[in-house]
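Engineer: If you want the building blocks of each chain, they are given just below.
There are 2 protein chains.
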Amino acid sequence: MSIFPRFAKTPEPPYYAVIFSSTLQDGGFAQVAEKIVKLASQQLGFLGVESVRGTDGFGITVSYWTSEEAVSAWKANVEHLAAQEKGKQEWYEHYELRVAKVERAYAKASP
Amino acid sequence: MSIFPRFAKTPEPPYYAVIFSSTLQDGGFAQVAEKIVKLASQQLGFLGVESVRGTDGFGITVSYWTSEEAVSAWKANVEHLAAQEKGKQEWYEHYELRVAKVERAYAKASP
Numbered sequence: 001m002s003i004f005p006r007f008a009k010t011p012e013p014p015y016y017a018v019i020f021s022s023t024l025q026d027g028g029f030a031q032v033a034e035k036i037v038k039l040a041s042q043q044l045g046f047l048g049v050e051s052v053r054g055t056d057g058f059g060i061t062v063s064y065w066t067s068e069e070a071v072s073a074w075k076a077n078v079e080h081l082a083a084q085e086k087g088k089q090e091w092y093e094h095y096e097l098r099v100a101k102v103e104r105a106y107a108k109a110s111p
Numbered sequence: 112m113s114i115f116p117r118f119a120k121t122p123e124p125p126y127y128a129v130i131f132s133s134t135l136q137d138g139g140f141a142q143v144a145e146k147i148v149k150l151a152s153q154q155l156g157f158l159g160v161e162s163v164r165g166t167d168g169f170g171i172t173v174s175y176w177t178s179e180e181a182v183s184a185w186k187a188n189v190e191h192l193a194a195q196e197k198g199k200q201e202w203y204e205h206y207e208l209r210v211a212k213v214e215r216a217y218a219k220a221s222p
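Residue numbers (my numbering), protein chains in the order written: chain A, 1 to 111; chain B, 112 to 222.
Hints may be right or wrong, so weigh each one.
[Stated by the list, open to error] Taking lysine-lysine pairs in the DSS-like style, the calculated list, with each CA pair at most 25 Å apart, reads:
| no. | chain 1 | residue 1 | chain 2 | residue 2 |
| --- | --- | --- | --- | --- |
| 1 | B | LYS146 | A | LYS9 |
| 2 | A | LYS9 | A | LYS86 |
| 3 | A | LYS75 | A | LYS101 |
| 4 | A | LYS101 | B | LYS120 |
| 5 | A | LYS35 | B | LYS219 |
| 6 | B | LYS197 | B | LYS146 |
| 7 | A | LYS108 | B | LYS146 |
| 8 | A | LYS108 | A | LYS35 |
| 9 | A | LYS9 | A | LYS108 |
| 10 | B | LYS146 | A | LYS101 |
| 11 | B | LYS219 | A | LYS86 |
| 12 | A | LYS9 | B | LYS186 |
| 13 | A | LYS75 | B | LYS120 |
| 14 | B | LYS219 | A | LYS9 |
| 15 | B | LYS120 | A | LYS88 |
| 16 | A | LYS9 | A | LYS38 |
| 17 | B | LYS197 | A | LYS108 |
| 18 | B | LYS149 | A | LYS75 |
| 19 | B | LYS219 | B | LYS197 |
| 20 | B | LYS199 | B | LYS186 |
| 21 | B | LYS149 | B | LYS186 |
| 22 | A | LYS101 | B | LYS186 |
| 23 | A | LYS38 | A | LYS101 |
| 24 | B | LYS149 | A | LYS88 |
| 25 | B | LYS186 | B | LYS219 |
| 26 | A | LYS38 | B | LYS219 |
| 27 | A | LYS108 | B | LYS149 |
| 28 | A | LYS108 | B | LYS199 |
| 29 | B | LYS197 | B | LYS120 |
| 30 | A | LYS75 | A | LYS35 |
| 31 | B | LYS219 | A | LYS75 |
| 32 | A | LYS108 | B | LYS186 |
| 33 | A | LYS88 | A | LYS9 |
| 34 | B | LYS146 | B | LYS219 |
| 35 | A | LYS108 | B | LYS120 |
| 36 | A | LYS101 | B | LYS197 |
[Claimed, not checked] Listed next, the stretches of chain B that the computed footprint assigns to chain A, with coverage defined by at least 3 CB atoms under 8 Å from CB atoms of chain A:
| no. | stretch |
| --- | --- |
| 37 | 169–183 |
| 38 | 200–207 |
| 39 | 210–219 |
Honestly, the hints are just simulated from the structure, not real lab data.
Each residue gets a CB set at the ideal place from its N, CA and C atoms; glycine is no exception.
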């Protein structure tokens, strides 16, 4: 995820968040995940992404989107559909994906 | 966060998610974070939590709540208020906190 800053720069709410928690199958695929995030970033309505994976293989990626329509369009993206299928079959041991509308936000930014 | 399973067991949407992304000041405080999560888990309306911090110090914690009221009550919890103040002053270099209403959810569970 190194092409993105660690914190997403998001506008005033409302906007959407896709919260993706996962554990990998053996023989992970960090490079593929990076490719998918890059693909997402070229999608209309993409606002940013925050992502971290621990040494135990559990990871959380949150992508931010302007609207529900932008989330749905991303879900239906052809290259992303292929990745979703592979993800289900091969890459992930377990995942939870939640689509949520951000209503409020607070921050303490670095100086 | 070892007292919790890695994946939160959440009900059918709608429910609420508090997405907390952060980087620590020098001299972190993993034990304090664990204490706060434990405190949250005793709060009315707490559904679960998912949390991961990378080796570079960037972390994401998502807590799940039954309702907006439950999130607000947690925000106003006296012990938590003290922690929020400390967090702002001492613990975190940078954080972004987003309150979001989960509208849809999908999963692939481990066998």
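Engineer: With reference to the structure, classify each hint as holding or not holding.
Structural biologist: Verification of the hints:
Only pairs whose Cα atoms come within 25 Å are accepted, and LYS146/B paired with LYS9/A is rejected, the gap being roughly 29 Å. Restraint check: the Cα-Cα separation between LYS9/A and LYS86/A comes to about 30 Å, which exceeds 25 Å; the hinted pair is violated. For the hint linking LYS75/A to LYS101/A, the alpha-carbon distance of about 16 Å falls within 25 Å, and the restraint holds. The suggested pairing of LYS101/A with LYS120/B holds, with an alpha-carbon distance near 20 Å, which does not exceed 25 Å.
For the proposed pair LYS35/A and LYS219/B, the alpha carbon gap of about 21 Å is at most 25 Å, so the pair holds. With a C-alpha separation of about 13 Å, the suggested pair LYS197/B and LYS146/B falls inside the 25 Å cut-off, and the hint holds. Restraint check for LYS108/A and LYS146/B: the C-alpha separation of about 21 Å stays at or below 25 Å, so the hint holds. For the hint pairing LYS108/A with LYS35/A, the CA-to-CA distance comes to about 30 Å; that exceeds 25 Å, so the pair is violated.
Distance check on the hinted pair: LYS9/A and LYS108/A sit about 13 Å apart at the alpha-carbon level, within 25 Å; holds. About 28 Å separates the Cα atoms of LYS146/B and LYS101/A, which puts this hinted pair outside 25 Å; it is violated. Distance restraint check for LYS219/B and LYS86/A: the Cα-Cα separation of roughly 12 Å lies within the 25 Å cut-off, and the hinted pair is therefore satisfied. For the suggested pair LYS9/A and LYS186/B, the alpha carbons sit about 23 Å apart, so the restraint of at most 25 Å is met.
Annotation: proposed proximity of LYS75/A to LYS120/B holds, straight-line Cα distance about 23 Å (limit 25 Å). For the hint pairing LYS219/B with LYS9/A, the CA-to-CA distance comes to about 30 Å; that exceeds 25 Å, so the pair is violated. Taking the CA atoms of LYS120/B and LYS88/A, the gap is near 19 Å; set against the 25 Å cutoff, the hint holds. Of the supplied pair hints, the one linking LYS9/A and LYS38/A holds, its CA atoms being roughly 16 Å apart against a limit of 25 Å.
Straight-line distance between C-alpha atoms of LYS197/B and LYS108/A comes to about 12 Å, which keeps the hinted pair within the 25 Å bound. Our distance criterion of 25 Å between C-alpha atoms is broken by LYS149/B and LYS75/A, whose separation comes to about 35 Å. A C-alpha spacing of about 38 Å is found between LYS219/B and LYS197/B, which places the hinted pair above 25 Å, so the restraint is violated. Of the pairs offered as hints, the one joining LYS199/B and LYS186/B holds, with about 14 Å between alpha carbons and a cut-off of 25 Å not exceeded.
Pair hint LYS149/B plus LYS186/B holds up; C-alpha atoms about 14 Å apart against a cutoff of 25 Å. Restraint check: the Cα-Cα separation between LYS101/A and LYS186/B comes to about 19 Å, which is no more than 25 Å; the hinted pair holds. Among the hinted pairs, LYS38/A with LYS101/A is consistent with the structure: their alpha-carbon atoms are about 22 Å apart, no more than 25 Å. For a cut-off of 25 Å, the pair hint linking LYS149/B to LYS88/A is broken: about 32 Å separates their Cα positions.
For the suggested pair LYS186/B and LYS219/B, the alpha carbons sit about 31 Å apart, so the restraint of at most 25 Å is broken. Our distance criterion of 25 Å between C-alpha atoms is met by LYS38/A and LYS219/B, whose separation comes to about 23 Å. A C-alpha spacing of about 23 Å is found between LYS108/A and LYS149/B, which places the hinted pair at or below 25 Å, so the restraint holds. Using a Cα cut-off of 25 Å, the hinted pair LYS108/A and LYS199/B holds, with the two alpha carbons roughly 7 Å apart.
The suggested pairing of LYS197/B with LYS120/B is violated, with an alpha-carbon distance near 30 Å, which exceeds 25 Å. Under the criterion of a C-alpha separation no larger than 25 Å, the hint pairing LYS75/A with LYS35/A is consistent with the structure, at around 15 Å. Distance check on the hinted pair: LYS219/B and LYS75/A sit about 16 Å apart at the alpha-carbon level, within 25 Å; holds. Under the criterion of a C-alpha separation no larger than 25 Å, the hint pairing LYS108/A with LYS186/B is consistent with the structure, at around 16 Å.
Distance hint between LYS88/A and LYS9/A is unfulfilled; the C-alpha atoms sit about 30 Å from each other, more than 25 Å. At most 25 Å may separate the alpha-carbon atoms for a hinted pair to count; LYS146/B and LYS219/B exceed this at roughly 30 Å. The hinted pair formed by LYS108/A and LYS120/B fails the criterion: a straight-line CA distance of about 30 Å is larger than 25 Å. Taken as a hint, the LYS101/A and LYS197/B pair is broken in the structure, with Cα atoms around 28 Å apart against an allowance of 25 Å.
Only residues whose C-beta sits within less than 8 Å of a C-beta in chain A count toward coverage, and the stretch 169–183 of chain B has 5 of them, enough to reach three; the restraint holds. With a threshold of 8 Å between beta carbons, the proposed coverage of the stretch 200–207 of chain B by chain A holds, since 5 of its residues qualify and at least three are required. Here the stretch 210–219 of chain B counts 10 residues with a CB under 8 Å from a CB of chain A, which clears the bar of 3, and the coverage holds.
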